[in-house]
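Q: As they're listed, the protein sequences go chains P and W.
Counting in this note's numbering, the first sequence runs without a single skipped number right up to 335 at its last residue.
Counting in this note's numbering, the second sequence runs without a single skipped number right up to 524 at its last residue.
FYI, nobody ran anything at the bench for these hints, they're computed from the structure.
All values reported here derive from a predicted model rather than from experimental measurement.
Keep in mind that a hint or two might mislead.
[As the list claims (entries may be wrong)] Reference listing, derived: stretches of chain W covered by chain P, where coverage requires no fewer than 3 residues with Cβ under 8 Å from a Cβ of chain P:
1. 35-49
2. 494-505
[Said to hold, decoys possible] Derived DEER-like restraints, expressed as beta-carbon distance ranges:
3. Glu17/P / Arg467/W: 33 to 41 Å
4. Ala284/P / Ala418/W: 29 to 37 Å
5. Met92/P / Arg463/W: 44 to 52 Å
[What the hints assert, rightly or not] If you only want the chain P side, here are some residues facing chain W, beta carbon under 7 Å, derived:
6. Ala157
7. Asp241
8. Lys295
All C-beta atoms in this analysis are idealised placements derived from N, C-alpha and C, irrespective of residue type, glycine included.
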Amino acid sequence: MNEQTEVASTAVTIPAEKLQQAVDIVRRMREEIRRALIGQQAVVDQVLATLLAGGHVLIEGVPGLGKTLLVKALAKTFAGEFTRIQFTPDLMPADVMGHSIFDMRNQTFTVRKGPVFTHLLLADEINRAPAKTQSSLLEVMQERQVTIEGETHSLSAPFMVLATQNPLENEGTYPLPEAQLDRFLVKVRIDYPSEAEELAMLALVTGNRIGDGLDVQPVASLIKPETVVALQQLVARIRVDEAVANYAVRLVRATRDWPGIAIGAGPRGTIALVRVARAMALMAGRDFITPDDIKSACLPVLRHRIAISPESELDGLNTDHLLQALIEHIAAPRA
Amino acid sequence: MRLDQLQLELRPRPNAQALDLGMALLRVDGVQVYLAFLALWLPLLLLAAAAIFVFPDYGGFAPLVVWWLRPLLERAPLYVLSRNVFGEKISWRQAVRAWPSLLRGGWFRLLTWWRFFLPNRGLYQPIWLLEGLRGKAAADRRRIIGRDGGQAAYWFGLACAHFELILQLGFIAFIGFFLSEEHAINPFAFFWDIDNNANTLWNNLSLLICYGVAVAIIAPMYTACCFTLYLNRRATLEAWDVELMLRQLTPPPSSATPSSAIVAGLLPLFLLGMLLHSPASHGNESALACEKPDYLVAQQGQRSEAHNETQQQLREQLDAVYQHEDLLGYRCVQTWVLKNQEKKKKKSKEKIDAPDLSALAAFLKVLLIALGIGLLAWLLYRYREYMPRWFIPERRFVATEVSGMDIRPESLPDDICAEVNRLWAAGQQRAALALLYRATISRLVNEYHVRIGRGATEQDCVRYAERAATQQQISADCLRLCKEVTTHWLNGAYGQRWLHSETLVALLHRWQQQFEPASAELGS
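Construct the complete structure from the given sequences, taking the supplied hints into account.
A: Printed below as a string of structure tokens:
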């Protein structure tokens, strides 16, 4: 049994008290979000992990399952700005990015920033917008800056896009290009709440209230946006053992020749896997990642990076089925 | 029921003749019978067709609904037939008008559980319709009527159902020939093309129409034949032929005075004659004037002269009675016989020297049985996973490898704690903890029979152990120790955070207490 080395040479040991402080913050953020959003714990964890890893989330689920509420609650926990764009077929890139307008009084052009200048951006039903609007947003997600009339404007940190796709309606939509999908760090599936969760939601909504909406009033602002950036830096220092990194690589490489998968995940998939696993390790109170973290991150990170073959689709399989089988087959690293 | 007005020649007949009589009856009254049925059947078909248009998603149920209601519709043609056999001419309009009142009795039975199991329902319809029996009386009657004719009606009903099916398929194929693609070979392909969603509505409609036409042809035949089966059964049970004969013997009321004594005298003779010539011996022939057999001529001998005119009249009447084919005491039977039967018999005798194949037959029999058993065994083995768990006892799961780790007991050193100590002292901390972790998993799997999957990670193993503890498969102490070993292994292997030597010593001590006795017992 050989001594293992760390993959990330820059990773240094995180002081225990600093780690504990970070873990406490994350734990309290989860609890605060839970005050507004009942159930969907896995979704909350995955979105929180993506925020800590500095990525973007693609959310898929039928309307009315609390996507907006989740984003609003998350923004409120760190006192961040939140904007929501409802994507429509006539939405233009300038409507998202912003544009310059001519000021008649001063005889100058002034820049009017678009809704993308925020901390958390909820891009609702992104597949309804035309390709050029989608690609401009995807570019901003990658570059984290916007160029308007030749002038570059950096986005505030943290910046996170949560794009939703409605899986029920396909008419008049522009599905996101496969090649662009890996701009999203994870793809989260929101399912219907359990019976107990729905009951609890009912009690919360109908208890001495007017209207039928859940709101984020009870959610407290715990930290500032800068603290989130500090947490993201801390996550980047989480230790990754070589054996675990090997495991991640083996998993991603296995998707490329796995039966039933037509197109496997690229190297960005491996990087994303480790990034999310790091955030999950921090949420679990550890300063190192384990194969379990990789395994937990596997589905949300890889499900939108692979394409299943038509035969598998005809067999009623989806990406999650194939990835589950793959995870079961690839042995986790051991001594 | 006025038997004297019966338009049929009733006598006990074999079932085949009774069915043939039904067809003959239909030939006479076919127009009214068919019209009576169609007058109800067509509106029902139209309603079903409308339902297909209104509920296209449930169009496949339309033929089922009309099939379901059909027994009630069969009462109209039965009404026509039952009245016509007694000389009362009923038109189809009268039958349709009377139909709502004919529905009483047996309708619930015919629309519920009976509907599925009784193709011979036609035999029992007259019990409700003509005899008007209900409840227990009807049940007793059905039992008696069905004792002999039930089987025949049953098989006849099945045959009719097959006729309907064949006709329906024929019509479908006929339509399919015209609607299918130019080079299509299978005329049914058009209807069975499940991807052709656009035609589902017309497919369902076509299927309904084809079924409707097939039933429109067959149903009146079925009703008529079942009715004559019923009449035949009653004629046998109640000796209608005798009753009719007696009625014919009864003189008209105007000349009743002199003949009453004659009838009283004739009756014992007649009954004696009936006993001597049982109707059960009837063949499948009609009355034929053929020559009297010699033995009968010899038995009768010569008659003496009649004493008086009364006796002469009596003799003439008796002779007239005995002229009836049932009382002749003999019967002419015409059958078809092969002309060359003799030759064939000879030929078969000539071939008697053929080789004896009984041994080969026996061998083939054994071979076939063996093949059958083999096929059954293979099928049971091939689809064993679909067998209920109680049928095939669940095999105890013993993993030999978990995530690439060899966890077989023989792959571990005899004294695990000593080996861990040795590795630790040699500075191979990772190897020491890895061995301890591997040994822990091995003990869980091999000694406590905890089910652990092949690709299980550390947290998965902990979850399996927790489940085993919940099921009291392992103790709480054991679970705690497993968790502790896992945590130390994870901290060391992936976090480079090694435990203190003292902690290791304490851990090994607890490990030895927990796992070594079990191992020793296993070894002994």
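Q: Which numbered hints turn out to be false for this structure?
A: 1 and 6
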